[in-house]
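6 protein chains.
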Amino acid sequence: VVGALCSEGAGWAGAHARSSLRREFPSRQAVAGLVDDLRAVLFPGFFGPSELTAETLRFHVGAALDRILHVLQEQILRGFRVVGEAEAGESAKDRSWRVARAFVERLPEVKKALGADVEAAYAGDPALVNPEEAIYCYPGILAITSQRLAHELWLLGVPLLPRMITEHAHSSTGIDIHPGARIGEGFFIDHGTGVVIGETAVIGRGVRIYQGVTLGAKSFPLDADGNPIKGVDRHPIVEDDVVIYANATVLGRVTIGRGATIGGNVWVTRDVAPGSMVAKS
Amino acid sequence: VVGALCSEGAGWAGAHARSSLRREFPSRQAVAGLVDDLRAVLFPGFFGPSELTAETLRFHVGAALDRILHVLQEQILRGFRVVGEAEAGESAKDRSWRVARAFVERLPEVKKALGADVEAAYAGDPALVNPEEAIYCYPGILAITSQRLAHELWLLGVPLLPRMITEHAHSSTGIDIHPGARIGEGFFIDHGTGVVIGETAVIGRGVRIYQGVTLGAKSFPLDADGNPIKGVDRHPIVEDDVVIYANATVLGRVTIGRGATIGGNVWVTRDVAPGSMVAKS
Amino acid sequence: VVGALCSEGAGWAGAHARSSLRREFPSRQAVAGLVDDLRAVLFPGFFGPSELTAETLRFHVGAALDRILHVLQEQILRGFRVVGEAEAGESAKDRSWRVARAFVERLPEVKKALGADVEAAYAGDPALVNPEEAIYCYPGILAITSQRLAHELWLLGVPLLPRMITEHAHSSTGIDIHPGARIGEGFFIDHGTGVVIGETAVIGRGVRIYQGVTLGAKSFPLDADGNPIKGVDRHPIVEDDVVIYANATVLGRVTIGRGATIGGNVWVTRDVAPGSMVAKS
Amino acid sequence: VVGALCSEGAGWAGAHARSSLRREFPSRQAVAGLVDDLRAVLFPGFFGPSELTAETLRFHVGAALDRILHVLQEQILRGFRVVGEAEAGESAKDRSWRVARAFVERLPEVKKALGADVEAAYAGDPALVNPEEAIYCYPGILAITSQRLAHELWLLGVPLLPRMITEHAHSSTGIDIHPGARIGEGFFIDHGTGVVIGETAVIGRGVRIYQGVTLGAKSFPLDADGNPIKGVDRHPIVEDDVVIYANATVLGRVTIGRGATIGGNVWVTRDVAPGSMVAKS
Amino acid sequence: VVGALCSEGAGWAGAHARSSLRREFPSRQAVAGLVDDLRAVLFPGFFGPSELTAETLRFHVGAALDRILHVLQEQILRGFRVVGEAEAGESAKDRSWRVARAFVERLPEVKKALGADVEAAYAGDPALVNPEEAIYCYPGILAITSQRLAHELWLLGVPLLPRMITEHAHSSTGIDIHPGARIGEGFFIDHGTGVVIGETAVIGRGVRIYQGVTLGAKSFPLDADGNPIKGVDRHPIVEDDVVIYANATVLGRVTIGRGATIGGNVWVTRDVAPGSMVAKS
Amino acid sequence: VVGALCSEGAGWAGAHARSSLRREFPSRQAVAGLVDDLRAVLFPGFFGPSELTAETLRFHVGAALDRILHVLQEQILRGFRVVGEAEAGESAKDRSWRVARAFVERLPEVKKALGADVEAAYAGDPALVNPEEAIYCYPGILAITSQRLAHELWLLGVPLLPRMITEHAHSSTGIDIHPGARIGEGFFIDHGTGVVIGETAVIGRGVRIYQGVTLGAKSFPLDADGNPIKGVDRHPIVEDDVVIYANATVLGRVTIGRGATIGGNVWVTRDVAPGSMVAKS
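These protein sequence lines map, in sequence, to chains F, Y, Z, X, A and B.
Residues in the first sequence are numbered from 4 upward in steps of one, following the working numbering.
Residues in the second sequence are numbered from 4 upward in steps of one, following the working numbering.
Residues in the third sequence are numbered from 4 upward in steps of one, following the working numbering.
Residues in the fourth sequence are numbered from 4 upward in steps of one, following the working numbering.
Residues in the fifth sequence are numbered from 4 upward in steps of one, following the working numbering.
Residues in the sixth sequence are numbered from 4 upward in steps of one, following the working numbering.
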């Protein structure tokens, strides 16, 4: 059996498998710890050390950022090496440092967007009696936090890590948002299990969606060899202040106009006019 | 960046964020351990120590209850403090003790309801060859166990913990039942991913539902300031012996009459008569 | 309360509860470790030790298989004992060894099928830029890996473990495939949350399905006592090269013919002709 | 290198090494957990769960004893198997159960002796301001607790475990007392690092010794083959109320008479009369 | 057995045992973590986060000190409660805060003394090729670090914690220094196993001692009831620049004069003149 | 306080402290895991996976050696970097690989010596009834295993790691053997607490020593600046078949001749003739 499995090893996935034999993948555990540290920086007092004061907050945020920077750089470097990014001399290492620093500089912007997300949750859920519950317990907040962080890494061209971060959130929330999706502030997902938002989706400000909503692709073009062409815009554009109720499906590069409402279980493959309502007949 | 993040800290969520800087949240890890201990008490021999005898069972249940009581009191107290419940002198502490004891006294009732739930699973799933599999492996049993426990805490006015318990179950099962929902004995959820049951839902005895079913709100009234009014009855009433098949959606304060059957993918926003069947046309 | 809970213990689930008091269940932690070891054997370099060479690969695979064999035998034995399989003398132990060895001998076949699954993922998802991402991050690959392993144990008549393995995957991916389902090579599930595939489903080669798809039973016959009859074929047959889009539901022992396409949110309870397309009207 | 190490494996320790390849040793971690549980039973409130009441104490002690009984039986059984004790049919298992039960029945006696040991510590150390410190922090108390437990197992003929328990204490205290030594109540070791007490030593009541004291063998007889003859009485007898100061060495089957005092660094190889004092000249 | 152990519980150590049933002891694990954090603050770059810069050092030290302050306060409070210190109203809590703050303010002084200790190690051990080895590996440095920290708590009147800290070091180094001992800068212990330094010992600057050295009490006065009188000066005074070689024993309130040398295995119970050498004849 | 501690940071240990701010030390945890893996390779069946067969042994040993090689190389590299070994380009990395491989090739020799050590333990201790106990429980075997491994690294010029390995053993056994000591086969240390063996000691075959024995330096020459001169031979030479009883002290570059016996507590600073016996008068 050992022989069979080892000789198989050379065969089944060809060059990809062989190259992977020589490289170390980013560590799932390190990435999970990174996200925990980032949440402590973005929501101090809710995650990480408790009983902070204005005076001690600076120390904890500074120490966490330094830790984040080092862990992130190491994991980014692993990512570059696994996918075989050209690395003339030390440049893969240099690039990982540059990217990690650029990411950290984006954190205040991420924090601002998340602040609006939390307010949207409080405004959008009558079951929410105290706002702490949203930050501390809501899967929608957890998922959008991870996606906003992963999106910054995705914009910086980091391989593997963005997807690891969103899949980590997907695993614990059932919400699957691709790191490539561009999402405006004040975004709220209620319940969330089964939500899928695709790579090229564009979402405006103040959008609210419910469990089971898909913002997906209708089909995708193949190249001459029958392989899918990567990177084509194929997911919906959702403008500001749209609400999409549970289990609705929106497919293809359609536009849901500003302030429109999509009812539950509705199937949408065409543009929807601003302010209109689409419901199950 | 440290400066930006720290000054942001004061701004983004106003008073809520500031108050959270001084308080310690209930611990996720403690709550997870609590649920494990409770499952060992409710299903002895399945969870917790194995190879029990009638003689030693008493010791293990007694020791676990004492542990539960202390951990629960501590976490309830943290909950009261985070949400700023009035606590004149030591009264927050006294109240946490009183509530923890009241919860423990409810456990025999919870156990009785869960016994009926397990029997309903065995009666309702042809794939289930041995009943141990249901208790030990079924996400539906795990989710209803957590909800019944969370519901008791919710009735006792405990903040944060009930939601933490149901979200813990949500995360591992994809089943999202609000702690406020009132659910009768003999309840069975098969597969379960994507199930959402809202805060004011009322479910009778012997009800069976499948994956992706939503018992949700249709819309919710806003107050003069545009904020949702909390606590209004807005979710369905499901009477005894109803079956709701996969991905059906029932919205609003409608009543599904005793013994009715709701077919898969069906969309219901009106009352359904007892004994009737609603199916996709 | 202790008294109430302990006397309840004797009553609520009758003989099943009592028998469980004397037996040790398979360990969830051991089973999770087993799956990790199996993934390291099936995808060397992706999981388990990194930086392998052809020379050292043999050692790692051999050592992991030996570990797998011992842990598996122990857990299988526990399974046999919990469900009270006849065990004249040492025969339960002998049987667990025989079964564990037979399982290990099936691994090269499982690996071959998984290789085709990975290639199907790469061919079927335009968002996938590097193939490592599929093996390392995709919940669909994780779920089918666990199901293929659980299916081999299910074929060998092992109780409890197959379901524990698929529920472990269900919990982290939201994909619920029964261990009994027979699934051909080159199977790809994208996103996956909410997918349910029933016990007697039969799936051909090269099938692709999306999140929220149910391959379920329409209803099930009861015996004279009102209990469901176990083991009846009641789930769909899906032939080679079928694609089923998000949230579609296929119920009953229907056949989806070779190369057919089922659109999103579609509801199917009848046979679908080969090559045809069923879409929402 | 692999070849060299594996072929060496067959050679270096002959039959012993080969037999060990087929057997599972008692687990160090299980034994450490066992000692923790036993300390919680013997010193409730100091180790194990805190905030006990008379009411809940019974539950915790009962549950801990049941856990101890099962873990101990399993580890004893491993011990019997490693050293190849004759095990006709199931008798090794039966014997391990009988021995584990006999051990648990000895615990009240052990507790009584330890109570006197703690009182001796309080009476014998002027640096001890509060008695809790002795139970909670003193290495001497830890070492004698482990030895008294190991001694009971040693009397019952259990292999390996007694030595594992005393070596566990030796490792954290530097006090090395053989499980075979017979030690009276009210025994106090201050500081303790470097203390060695041999297998056949006999110590009366109310004895106090300090760091670096050796109660050892002078020499040991060899059999015809030049191997040491096992089990000969070759260590000192120390009668009641003796005090032995730091780094004193007492060798051979000599008797230190009741109430005698041995000064620091003294070297003793002859009997010492009751009530006398031996000091460095 | 349960009955016997529980009724024993009331008897054996009287009031002390009973009071301990109601109180929570300081946590060994918390204290070990505290010492780790303190070592990271005192020896940045050697313990705790690596790759510090002058810029990030401030953040890490600040964050660690805040963590230390909170953990320490909680553990000190537990200590006060266990030993039943008078606590009118909230004063035990207030006192624990005041003491924890006072301790933190002493850390720069402790660091200064430890700096001199490290230099003494480098100057005093020819086997030490690089100075990092001393800080990172030497048990003598570990033991004196713990004692200097424990001594500050002891001066502040904290119960239990000081001894827990020195016993933690004793357990891993075999070096037993009482928290009460007053020790000057530049102190070096080589090898160290078996070293015992008593509560009222006073040690000057630049002292060097080797393994097995005892600075102990000769005897101690009893009060009218036969109990030892606490707090009497009964251990040696060792002046600046003294060297004491391996296994030497110095007993009683004697003075070893400045610059004296005590040879190995020597037994000293009288004053030794400055600059003299005492060696084995 | 933060300011004081950070500015102190620049001052107290000068250049050494500053350089340490930029470097990562070898990980204690990694080194402890390395020693565990090495013990599983050297004593298969006693440590590491149990129930090995001749067939599976090769796999486990091979896999463990590969793991050892990678961990060791990484930790050696850290060691080189901390002490600032010249590292022109990638040469520190290359050197760490070369050294790690050379170490692994020495393991069969180490195993051979350890085999003789175990036999010496069995021959030398009448309390040892079954030989498994020596390998599995004896601190003397643990200490000599660690020292023989550390010695190989020391011969290869690896910084820090050798000392970390022997101090790890020192901490759990109280036996302190410098990595530089050269020790022949068949070496047995009984009890062992307090044993100290210095850097330049040379020990022949079949030597047996007891607790508290010191093989130390008498004094050491200083250079013109008053610093000790490193690397001078200053510890004893102990020839074959010597026995040294408890607490004996041998100091300086003296020779204990073949077959000599040194009694307990004896003080030796001169050569001892072969075959002679030195005892306390």
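There may be inaccurate statements among the hints.
Since the list gives no way to pick one copy over another, a pair counts as held whenever it fits inside one copy or between any two copies.
[Stated by the list, open to error] For lysine to aspartate or glutamate, the following EDC-like pairs were computed, each having C-alpha atoms within a straight-line distance of at most 20 Å: (1) Lys-221 to Asp-40; (2) Lys-221 to Asp-244; (3) Lys-96 to Glu-54; (4) Lys-114 to Asp-39; (5) Lys-283 to Glu-122; (6) Lys-283 to Asp-97; (7) Lys-221 to Asp-274; (8) Lys-114 to Asp-226; (9) Lys-115 to Glu-54; (10) Lys-233 to Glu-122; (11) Lys-221 to Glu-112.
Calculated directly from the structure, the hints in this document are not laboratory data.
Bear in mind that the values here come from a model prediction, so they are computed numbers and not experimental data.
Going through the hints against the structure:
no. : hint               : in the structure
1   : Lys-221 to Asp-40  : neither (38 Å within a copy, 38 Å between copies)
2   : Lys-221 to Asp-244 : between (24 Å within a copy, 18 Å between copies)
3   : Lys-96 to Glu-54   : between (38 Å within a copy, 16 Å between copies)
4   : Lys-114 to Asp-39  : within (15 Å within a copy, 32 Å between copies)
5   : Lys-283 to Glu-122 : neither (30 Å within a copy, 37 Å between copies)
6   : Lys-283 to Asp-97  : neither (54 Å within a copy, 52 Å between copies)
7   : Lys-221 to Asp-274 : within (13 Å within a copy, 24 Å between copies)
8   : Lys-114 to Asp-226 : neither (40 Å within a copy, 29 Å between copies)
9   : Lys-115 to Glu-54  : neither (23 Å within a copy, 30 Å between copies)
10  : Lys-233 to Glu-122 : between (36 Å within a copy, 16 Å between copies)
11  : Lys-221 to Glu-112 : neither (33 Å within a copy, 34 Å between copies)
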